[in-house]
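Could you put the whole structure together from the sequences, leaning on the hints where they help?
Going down the list, the protein sequences come from chains A and Y. Numbering-wise (the working numbering), the first sequence opens with residue 1 and increments by one. Numbering-wise (the working numbering), the second sequence opens with residue 1 and increments by one.
Since the hints were derived computationally from the structure, they do not count as laboratory data. Some hints could be false.
If chains are identical, the list can't say which one is meant, so a pair holds when it fits in one copy or spans any two.
Think about it this way: if two alpha-carbon atoms lie no more than 27 Å apart in a straight line, the pair counts; the simulated DSSO-like pairs of lysine-lysine are [stated by the list, open to error]:
#1 LYS316 with LYS226
#2 LYS78 with LYS63
#3 LYS226 with LYS33
Protein chains: 2
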Amino acid sequence: MIVNNLKILSMAIAMVMGNITFAQTAKVNDDFKPSEVNQPGKLYPQVNSQGCVRVQISAPDAKMVQLDIGGVTNNLVKDGNGLWTGESAPQDPGFHYYQLNVDGASVPDPGSRYFYGAGRWGSGIEIPADDSHIFALQDVPHGLVSELNYFSKHTGLMRRCFVYTPPGYEADANMRYPVLYLQHGSFEDETGWIGQGKANLILDNLIAHHKALPMIVVMDNGYAFKPLASADGNARPASVFEEVMMQEIIPLIDSRFRTVVHRDHRAIAGLSMGANQTMRIAMNHLDHFAWYGGFSGTANYPSAQPIDVDTFLDGKFKNGSWVNQQLQLLWLGVGTKEEPVFPKSIGAFRNMLEQQGIRHVFYVSQGTAHEWHTWRRSLHQYAQLVFK
Amino acid sequence: MIVNNLKILSMAIAMVMGNITFAQTAKVNDDFKPSEVNQPGKLYPQVNSQGCVRVQISAPDAKMVQLDIGGVTNNLVKDGNGLWTGESAPQDPGFHYYQLNVDGASVPDPGSRYFYGAGRWGSGIEIPADDSHIFALQDVPHGLVSELNYFSKHTGLMRRCFVYTPPGYEADANMRYPVLYLQHGSFEDETGWIGQGKANLILDNLIAHHKALPMIVVMDNGYAFKPLASADGNARPASVFEEVMMQEIIPLIDSRFRTVVHRDHRAIAGLSMGANQTMRIAMNHLDHFAWYGGFSGTANYPSAQPIDVDTFLDGKFKNGSWVNQQLQLLWLGVGTKEEPVFPKSIGAFRNMLEQQGIRHVFYVSQGTAHEWHTWRRSLHQYAQLVFK
Numbered sequence: 001m002i003v004n005n006l007k008i009l010s011m012a013i014a015m016v017m018g019n020i021t022f023a024q025t026a027k028v029n030d031d032f033k034p035s036e037v038n039q040p041g042k043l044y045p046q047v048n049s050q051g052c053v054r055v056q057i058s059a060p061d062a063k064m065v066q067l068d069i070g071g072v073t074n075n076l077v078k079d080g081n082g083l084w085t086g087e088s089a090p091q092d093p094g095f096h097y098y099q100l101n102v103d104g105a106s107v108p109d110p111g112s113r114y115f116y117g118a119g120r121w122g123s124g125i126e127i128p129a130d131d132s133h134i135f136a137l138q139d140v141p142h143g144l145v146s147e148l149n150y151f152s153k154h155t156g157l158m159r160r161c162f163v164y165t166p167p168g169y170e171a172d173a174n175m176r177y178p179v180l181y182l183q184h185g186s187f188e189d190e191t192g193w194i195g196q197g198k199a200n201l202i203l204d205n206l207i208a209h210h211k212a213l214p215m216i217v218v219m220d221n222g223y224a225f226k227p228l229a230s231a232d233g234n235a236r237p238a239s240v241f242e243e244v245m246m247q248e249i250i251p252l253i254d255s256r257f258r259t260v261v262h263r264d265h266r267a268i269a270g271l272s273m274g275a276n277q278t279m280r281i282a283m284n285h286l287d288h289f290a291w292y293g294g295f296s297g298t299a300n301y302p303s304a305q306p307i308d309v310d311t312f313l314d315g316k317f318k319n320g321s322w323v324n325q326q327l328q329l330l331w332l333g334v335g336t337k338e339e340p341v342f343p344k345s346i347g348a349f350r351n352m353l354e355q356q357g358i359r360h361v362f363y364v365s366q367g368t369a370h371e372w373h374t375w376r377r378s379l380h381q382y383a384q385l386v387f388k
Numbered sequence: 001m002i003v004n005n006l007k008i009l010s011m012a013i014a015m016v017m018g019n020i021t022f023a024q025t026a027k028v029n030d031d032f033k034p035s036e037v038n039q040p041g042k043l044y045p046q047v048n049s050q051g052c053v054r055v056q057i058s059a060p061d062a063k064m065v066q067l068d069i070g071g072v073t074n075n076l077v078k079d080g081n082g083l084w085t086g087e088s089a090p091q092d093p094g095f096h097y098y099q100l101n102v103d104g105a106s107v108p109d110p111g112s113r114y115f116y117g118a119g120r121w122g123s124g125i126e127i128p129a130d131d132s133h134i135f136a137l138q139d140v141p142h143g144l145v146s147e148l149n150y151f152s153k154h155t156g157l158m159r160r161c162f163v164y165t166p167p168g169y170e171a172d173a174n175m176r177y178p179v180l181y182l183q184h185g186s187f188e189d190e191t192g193w194i195g196q197g198k199a200n201l202i203l204d205n206l207i208a209h210h211k212a213l214p215m216i217v218v219m220d221n222g223y224a225f226k227p228l229a230s231a232d233g234n235a236r237p238a239s240v241f242e243e244v245m246m247q248e249i250i251p252l253i254d255s256r257f258r259t260v261v262h263r264d265h266r267a268i269a270g271l272s273m274g275a276n277q278t279m280r281i282a283m284n285h286l287d288h289f290a291w292y293g294g295f296s297g298t299a300n301y302p303s304a305q306p307i308d309v310d311t312f313l314d315g316k317f318k319n320g321s322w323v324n325q326q327l328q329l330l331w332l333g334v335g336t337k338e339e340p341v342f343p344k345s346i347g348a349f350r351n352m353l354e355q356q357g358i359r360h361v362f363y364v365s366q367g368t369a370h371e372w373h374t375w376r377r378s379l380h381q382y383a384q385l386v387f388k
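Encoded structure:
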């Protein structure tokens with residue numbers, strides 16, 4: 001009895017410490033395969049049918065090596081050749097950031113490709129999902145993803161956006177297209193929607209199956225700050241993203257791409273921080289946008305309190321019938337495994353919409369958290385509704 | 001005397017071991033600044049006015065941490081907080097790959113951005129050069145860099161190329177442009193000419209100053225293999241890059257972009273392995289190309305022996321006056337610090353050209369090795385001559 005209690009206590013301690021591996025407590029299926037986002041020719045990291053991640057790294061002189069994924073660290077085991085191997089518990093389907101810890105140094109896994117998220121370029125892994133086909137690279141007509149550098153007066157800096165043009169864009173010089181402005185979340189950048197989000201492949205596949213209209217998609221960086229005056233070096237930088245979007249990005253896109261320059265053909269959407277930003281921008285400029293999408297976010301975040309329509313966003317939702325008239329689509333989505341603050345704040349926003357009689361579409365992503373698979377699915381849904 | 005000899009012996013051993021740091025043997029200027037290719041907000045790695053690289057990483061439990069750059073490992077020193085810091089000897093101006101070793105694990109530096117080269121995605125650093133302005137990101141008109149996915153029948157795989165279209169390309173739907181096909185080297189891929197080579201910025205700057213004609217530049221992956229027959233799994237894969245280039249890439253580009261479909265408006269160039277590949281392709285298809293560029297490479301590599309024109313590339317250089325008639329430009333370049341095999345094999349090739357009376361341009365990059373700065377300079381030179 002004492003032995004059993006000690007064992008339970010030691011397991012509990014290990015779990016609290018976050019240092020117990022799934023392999024020590026449960027059966028791990030031995031059907032690991034190299035991850036789809038490995039570097040060319042690299043055998044590790046691997047994923048099995050349970051969604052466990054197995055990593056391997058040579059570190060002959062290390063005392064401790066860990067896999068750090070989903071907020072849990074998993075100890076690796078060393079063999080006689082100095083090769084460390086270990087597994088995580090099953091992960092949700094979709095994309096996850098992770099890193100390795102080698103004797104206390106947090107480093108990217110040399111086997112994975114790298115993605116910008118969580119405020120750094122680092123390792124990512126893909127857990128196959130039942131609906132991975134929505135973003136699979138297939139032999140269908142492919143649009144182009146173009147990188148565009150531009151000088152921004154509002155920030156005093158060179159900035160960059162990525163622009164998806166649909167298949168057929170180059171063929172007919174007279175055809176003009178609607179535009180979706182699509183934003184990333186906190187600690188991410190303009191590379192996220194292509195690198196992790198696979199926005200181009202989602203659109204290619206939808207367009208190939210006639211489920212979405214051909215459209216241009218513009219992905220810029222949601223971090224944009226006024227240059228600090230030299231005399232005021234300690235001031236908190238002021239965001240000018242709305243100014244950059246309205247006065248720099250949109251005119252640039254309308255001048256360089258064959259867009260339809262009209263609110264009915266311009267949509268805006270974003271995830272998390274981007275959902276918050278784009279809702280503010282859309283409501284401040286309804287003369288520019290007729291289609292809104294909020295993926296795992298709304299402008300009342302993080303509050304779950306009832307919204308006061310008189311003051312929220314300067315009363316922009318006060319006249320419900322006017323909002324209905326203006327917005328051809330108000331789309332919201334959230335994953336079932338997101339932290340409570342997201343469904344709660346989105347719920348408070350939806351309560352306000354219902355009280356105001358404002359139409360909206362609400363989508364729930366089953367079994368996914370505040371991560372990219374929720375947002376891929378959200379884009380996949382949203383893109384089928386816009387501009388129709 | 002014995003002490004002195006022992007000291008010299010121990011220094012010699014340390015240098016042979018590659019584990020002595022520059023800081024231990026010479027004065028290091030204390031004017032380090034964060035590298036231009038750091039991740040956003042990261043203070044390390046840094047570079048000083050001598051071209052020394054300083055790295056820093058937290059690894060509280062590590063026994064040994066090293067900076068591995070230019071084939072030399074430099075030991076870092078640990079402070080009381082588990083922070084390791086150390087410097088390299090001065091590096092050549094330009095771009096270099098590097099990595100960190102943490103208790104025997106070779107990993108990317110979490111502070112740097114990542115580049116594909118040396119067969120892996122890993123750390124890179126930029127040592128400012130006197131001529132860094134040739135690829136500086138400036139407020140000039142910028143072309144687009146487009147990523148294009150396509151299915152390749154010759155390999156049975158989806159492949160990808162990057163396509164630079166010059167400033168103004170979108171403005172005039174009737175304008176057609178010449179095309180440069182530009183290839184990377186061994187253990188690199190289609191991302192190299194943009195990521196490390198800055199080909200887009202070199203062209204943007206040249207075009208802005210009217211030093212190069214507006215052109216399209218296509219960068220594909222030089223590794224392309226026939227699918228292995230299942231019954232013959234041990235066969236060495238056969239390269240089909242020439243077939244992919246001639247039958248898939250060029251028709252794809254001519255169909256999707258506004259090119260001038262004529263040999264006089266089509267150039268091909270490459271670096272190292274890419275110079276070798278593109279010389280073979282150019283000489284096999286002079287009906288398709290009128291401009292060739294070999295950056296640090298030729299098709300006789302690695303041989304320094306006199307070339308037999310009767311057999312070399314099936315006698316393609318035998319009729320010198322015909323080659324002169326066909327090639328409007330045969331351009332060769334090499335860096336002064338490259339390993340002898342490069343100048344020697346290029347020298348043997350040039351001797352053959354002279355014996356055959358074949359005109360060519362020869363460029364020498366001062367103070368650079370078999371690295372990207374040699375190739376940036378080569379492109380900068382070459383792009384000013386083609387299509388004129």
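Hint-by-hint comparison with the structure:
{"no.": "1", "hint": "LYS316 with LYS226", "result": "within (26 Å within a copy, 60 Å between copies)"}
{"no.": "2", "hint": "LYS78 with LYS63", "result": "both (9 Å within a copy, 17 Å between copies)"}
{"no.": "3", "hint": "LYS226 with LYS33", "result": "between (47 Å within a copy, 24 Å between copies)"}
Figure legend: structure checked against the earlier numbered hints; every hint is met.
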